[in-house]
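Residues per chain, in single letters:
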Amino acid sequence: MATVLVNGQEVEIGASERLNCIQAAAKVGVEIPAYCWHPELSVVASCRMCLVEVGDKKPDGTVAMQPKLVPGCQTPAKDGTVIISDSPKVKEARKATLEYLLLNHPLDCPTCDQAGECYLQDYSFNYGRGYSRLNEPKNIKPDKTNIGDQITLFTDRCIMCTRCVRFTREISGSAELQVVSRGSHEEIDIFPGFPVNNPLAGNVVDICPVGALCSKDFLYQQRVWWLKSASSVCPGCSTGCSITVDQNEERVYRLHPRPNEKAQGHFMCDAGRFGWKYTHSDQRLMSPETRTNGHVTPTDFDTVLNSVRAALIKAAQGGKGKIAAVLSPWMTVEEAYLLSSFLKGLSTDVTLAIGPVRIEGHDDQFPKDVKGHVVAPVKFTIRAEKCPNRAGVEAVLTHFAGDVMPFEELLRLASASQFKAVYLVGGDPEGWMTDIQAEAFSKVETVIVQDILPSPVLKHATHVLPSGTFVEREGVFVNHNGLAQLIHRSVRGPDGTRPDGRLLWDLAQRLGLIQTEALRREIAGAIPALAAIASPELKGQGVFLGEAVAAPV
Amino acid sequence: MGFWESTFVPAIMKGLKTTLKHVTDRKTVTQQYPEVKPDLPLHYRGVHRLNRDEKDRVKCVACMMCATACPANCISIEAQAAPPEWPDRDKFPKSFVLDELRCIYCGMCEEACPVDAIELTHIYDLTGETRESLMYDREKLLGVYDQTKDNPRDPVRTKRGILGPAAEFHSLPTLGPATVVPDSDRSAKNPTAGVIKSKQESHS
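Note that the protein sequences, when read in sequence, are chains A and B.
Just so we're aligned, residue 1 is where the first sequence starts under the numbering used here, counting upward by one.
Just so we're aligned, residue 1001 is where the second sequence starts under the numbering used here, counting upward by one.
I should point out that these hints are in silico values taken from the structure, not numbers from a laboratory.
Every residue, glycine too, gets a C-beta built ideally from N, C-alpha and C.
Hints should not be assumed to be uniformly reliable.
Claimed, not checked - Residues on chain B that point at chain A, a partial pick, calculated with CB under 8 angstroms:
id, residue
1, Val1061
2, Cys1063
3, Thr1068
4, Asp1088
To be verified - With a cut-off of at most 25 angstroms between alpha-carbon atoms, the simulated PhoX-like pairs for lysine-lysine come out as follows:
id, chain 1, residue 1, chain 2, residue 2
5, A, Lys27, A, Lys539
6, A, Lys91, A, Lys78
7, A, Lys91, A, Lys57
8, A, Lys443, A, Lys320
9, A, Lys420, A, Lys344
10, B, Lys1094, B, Lys1027
11, B, Lys1091, A, Lys216
12, A, Lys443, A, Lys420
13, A, Lys91, A, Lys262
14, A, Lys68, A, Lys89
15, B, Lys1014, B, Lys1027
16, A, Lys138, B, Lys1091
17, A, Lys277, B, Lys1094
18, A, Lys368, A, Lys379
19, A, Lys314, A, Lys443
20, A, Lys228, B, Lys1091
21, A, Lys420, A, Lys459
22, B, Lys1094, A, Lys228
23, B, Lys1149, B, Lys1037
24, B, Lys1091, A, Lys277
25, B, Lys1094, A, Lys216
26, A, Lys141, B, Lys1055
27, A, Lys78, A, Lys27
28, A, Lys144, B, Lys1091
29, B, Lys1091, B, Lys1055
30, B, Lys1027, B, Lys1091
31, B, Lys1094, A, Lys144
32, B, Lys1091, A, Lys141
33, A, Lys443, A, Lys344
34, A, Lys58, A, Lys78
35, B, Lys1027, B, Lys1037
36, A, Lys27, A, Lys91
37, A, Lys91, A, Lys141
What the hints assert, rightly or not - To spell it out: a stretch of chain B is covered by chain A in this simulated footprint if at least three of its residues, at any positions, have a beta carbon under 8 angstroms from a beta carbon of chain A; those stretches are:
id, stretch
38, 1078-1084
39, 1089-1096
Could you put together the complete structure from these sequences and hints?
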């Protein structure tokens, strides 16, 4: 146990913790401003923003301060370290540093996308001098729009913290970015003909502390102070990156990663970052439908839910094992529980299967060297399993059905015309059923499809229930590692769709509106493997459910 | 109240005097609108216009400060990256719609604009047959500029550069500090306009 003094306050640092002065000060809420330092990247101490006074407290109680200011990011906090970050000397140094950083900065905040979440603005406001003494013209460098398919560089706004350069060297390993020229002419640039198109490229926009690197997708779409954020989980793969969904006026504008040591760290991949566009697709199923002999009748939710319920009850009365359901790995734990418990209530002999789990290639690990070989230690993994909640749905299925029936097995039973009614839940935006697979349901009397986008099975559907995407729903996703995390609703779905949870709540004729928190308590009581999802820990970084849920594919 | 006052004669006389004064007064205060247009104060805030710059492009840089400042939430802007032949700016408004019916003519948009692109003119008699006709888009607002730019009542107030003085260090003198400068600071000796002397010095 080491004791560090930060501005006179004592900070206890655990024996296994290796912290620098910035992290030690953050423990007692003292902010030491920094641009170039990032917890996931190597230390270069080049921005000079974190300069602090550092000294040593000797065992006899005397304090020996170092004569010069030292960068806090580069100075380890050890037992007896004295950090002073509020002395006039430090404040003067910050003012001078900021004035220097702003020498060539164009101050085009009104047209800069970063304005509002910019560290130059924040630190200038908190620590800056408030004016410049530069009399000479600024050194304005041309913008570079060619440095990547997803990113663009406003060279003149750059403060040369080199976070992006270190990211491409240390996390993605692709090392596309570099610093060219020296002194006032320093610029971030690519090697000619090798743009930043690696699968993690979008992260350089997030780690850029100023508005130099911008996302082409989000560029000029919104001012950031208009965006309302909700924390969520990326559904793109089973890594389950913690994310923040930014929306304004019921329209999603961007996703960005939320640091979560339990899930993925600080970053997310581009496939997830830009993979939400189907939410606003005009292909979405927009109205509940009842279909008889190919004739489509648009209807409303009250009618269709009553018909669905009547059809399921009729099938349940028609004999044993006449109802089957496919629970998509895109459902939340709550939705899977609602559907399973409702169907089990109708007939104890219900066939429950998990929907197709899409596997694409192999797990993609980073950093990679120039030949594409993974370099240890692995810092980021894009998983091959392209669905967010296989583990959670399987835990529910194991509880209700004893084991998890694969989708192919259910297809075989369905084509043998064993079922009278089948409840299919989709949700995979990339499509989850082929034409041949859909044929298996052609002989089933009642096919209920709950999905977001059209799929081949719609032509055999009797009832179509348009449901919601992950930004329209509330619930719990369980990632590959058995980590349960909350997703929150950030936008209302299009008119004529309903979030899955609400649909199933109404279908099960439960009273009132859906309350996921109460439902989670019910699930925790009913399913021992999922007992942890009722704990208050879930609200932060999520909670591990343990070995039973984290079984591999 | 004495006897004389309780007869109410003095009060009646006083009232009649006021009446007679108005009857004999030849000065007119009634404005013969609409035959005669009113003489409005110079700071009158009427219909908006979007100014053009010296190359006849829309001056607006789509920073959306006006939409942010607007208390009536009547401005909606869609920005677009500027074409490469406009090296002096990053973006411009692809669409700029101002709902003149929703607007409360407070002038906050004009205050917020960093490039003096949106201004309120003297046009007060705004009518339309449909709601849509009063949703002023970019072309209509530029049309108001063409209509009013030569009117001495609606001068184009400033001719500042792309993003105001902050971005224009090469064409403007050094900015004065926003805060009081201690005497020990080098900039206190800088003889530029706008330097605020510290308090002790200004009192002596």
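Now for the hints, and whether the structure bears them out:
1. With a least beta-carbon distance of about 5 angstroms to chain A, the hint placing Val1061(B) at the interface is held under the 8 angstroms criterion.
2. Interface hint status for Cys1063(B): upheld, as the beta-carbon distance to the closest one in chain A is roughly 3 angstroms, under 8 angstroms.
3. With a cut of 8 angstroms, the hint placing Thr1068(B) at the interface with chain A holds, because the nearest CB-to-CB distance is about 7 angstroms.
4. Given hint, Asp1088(B) at the interface with chain A, is violated; its Cβ is 11 angstroms from that chain's nearest Cβ, farther than 8 angstroms.
5. With a C-alpha separation of about 21 angstroms, the suggested pair Lys27(A) and Lys539(A) falls inside the 25 angstroms cut-off, and the hint holds.
6. With a C-alpha separation of about 24 angstroms, the suggested pairing of Lys91(A) with Lys78(A) holds against the 25 angstroms cut-off.
7. Restraint check: the Cα-Cα separation between Lys91(A) and Lys57(A) comes to about 23 angstroms, which is no more than 25 angstroms; the hinted pair holds.
8. Restraint check: the Cα-Cα separation between Lys443(A) and Lys320(A) comes to about 18 angstroms, which is no more than 25 angstroms; the hinted pair holds.
9. Using a Cα cut-off of 25 angstroms, the hinted pair Lys420(A) and Lys344(A) holds, with the two alpha carbons roughly 16 angstroms apart.
10. Taking the CA atoms of Lys1094(B) and Lys1027(B), the gap is about 53 angstroms. The hint is violated against a cut of 25 angstroms.
11. The straight-line distance between the Cα atoms of Lys1091(B) and Lys216(A) is roughly 13 angstroms, inside the 25 angstroms bound, and the hint therefore holds.
12. Only pairs whose Cα atoms come within 25 angstroms are accepted, and Lys443(A) paired with Lys420(A) is accepted, the gap being roughly 9 angstroms.
13. A distance of roughly 36 angstroms separates the Cα atoms of Lys91(A) and Lys262(A); the hinted pair therefore is violated under the 25 angstroms criterion.
14. In summary, the hint linking Lys68(A) to Lys89(A) is supported, as the alpha carbons are separated by about 10 angstroms, within the 25 angstroms threshold.
15. About 21 angstroms separates the Cα atoms of Lys1014(B) and Lys1027(B), which keeps this hinted pair within 25 angstroms; it holds.
16. Taking the CA atoms of Lys138(A) and Lys1091(B), the gap is near 21 angstroms; set against the 25 angstroms cutoff, the hint holds.
17. Restraint check for Lys277(A) and Lys1094(B): the C-alpha separation of about 22 angstroms stays at or below 25 angstroms, so the hint holds.
18. Only pairs whose Cα atoms come within 25 angstroms are accepted, and Lys368(A) paired with Lys379(A) is accepted, the gap being roughly 10 angstroms.
19. A distance of roughly 17 angstroms separates the Cα atoms of Lys314(A) and Lys443(A); the hinted pair therefore holds under the 25 angstroms criterion.
20. Of the supplied pair hints, the one linking Lys228(A) and Lys1091(B) holds, its CA atoms being roughly 24 angstroms apart against a limit of 25 angstroms.
21. Between the alpha carbons of Lys420(A) and Lys459(A) the distance comes to roughly 17 angstroms, so the proposed pair stays at or under 25 angstroms and holds.
22. For a cut-off of 25 angstroms, the pair hint linking Lys1094(B) to Lys228(A) stands: about 24 angstroms separates their Cα positions.
23. A C-alpha spacing of about 19 angstroms is found between Lys1149(B) and Lys1037(B), which places the hinted pair at or below 25 angstroms, so the restraint holds.
24. A hinted pair counts as satisfied when its Cα atoms are at most 25 angstroms apart, and Lys1091(B) with Lys277(A) qualifies at roughly 24 angstroms.
25. Using a Cα cut-off of 25 angstroms, the hinted pair Lys1094(B) and Lys216(A) holds, with the two alpha carbons roughly 17 angstroms apart.
26. For the hint pairing Lys141(A) with Lys1055(B), the CA-to-CA distance comes to about 23 angstroms; that is within 25 angstroms, so the pair holds.
27. Proposed proximity of Lys78(A) and Lys27(A) is supported: the alpha carbons are some 14 angstroms apart, at most 25 angstroms.
28. About 15 angstroms separates the Cα atoms of Lys144(A) and Lys1091(B), which keeps this hinted pair within 25 angstroms; it holds.
29. Pair hint Lys1091(B) plus Lys1055(B) holds up; C-alpha atoms about 16 angstroms apart against a cutoff of 25 angstroms.
30. Proximity of Lys1027(B) to Lys1091(B) is assessed by CA-CA distance (about 55 angstroms); at most 25 angstroms being required, the pair is judged violated.
31. Restraint check for Lys1094(B) and Lys144(A): satisfied, since their Cα atoms lie roughly 22 angstroms apart, inside the 25 angstroms limit.
32. The suggested pairing of Lys1091(B) with Lys141(A) holds, with an alpha-carbon distance near 17 angstroms, which does not exceed 25 angstroms.
33. A distance of roughly 23 angstroms separates the Cα atoms of Lys443(A) and Lys344(A); the hinted pair therefore holds under the 25 angstroms criterion.
34. Taking the CA atoms of Lys58(A) and Lys78(A), the gap is about 12 angstroms. The hint holds against a cut of 25 angstroms.
35. Taken as a hint, the Lys1027(B) and Lys1037(B) pair is honoured in the structure, with Cα atoms around 18 angstroms apart against an allowance of 25 angstroms.
36. A threshold of 25 angstroms between alpha carbons decides the hint, and for Lys27(A) with Lys91(A) the separation of about 21 angstroms falls inside it, so the pair holds.
37. Taking the CA atoms of Lys91(A) and Lys141(A), the gap is near 30 angstroms; set against the 25 angstroms cutoff, the hint is violated.
38. Proximity of the stretch 1078-1084 of chain B to chain A, defined as three or more residues with a beta carbon under 8 angstroms from a beta carbon of that chain, is established by the 3 residues found.
39. For the stretch 1089-1096 of chain B, the stated coverage by chain A holds: 3 residues have a C-beta nearer than 8 angstroms to a C-beta of that chain, and at least 3 were required.
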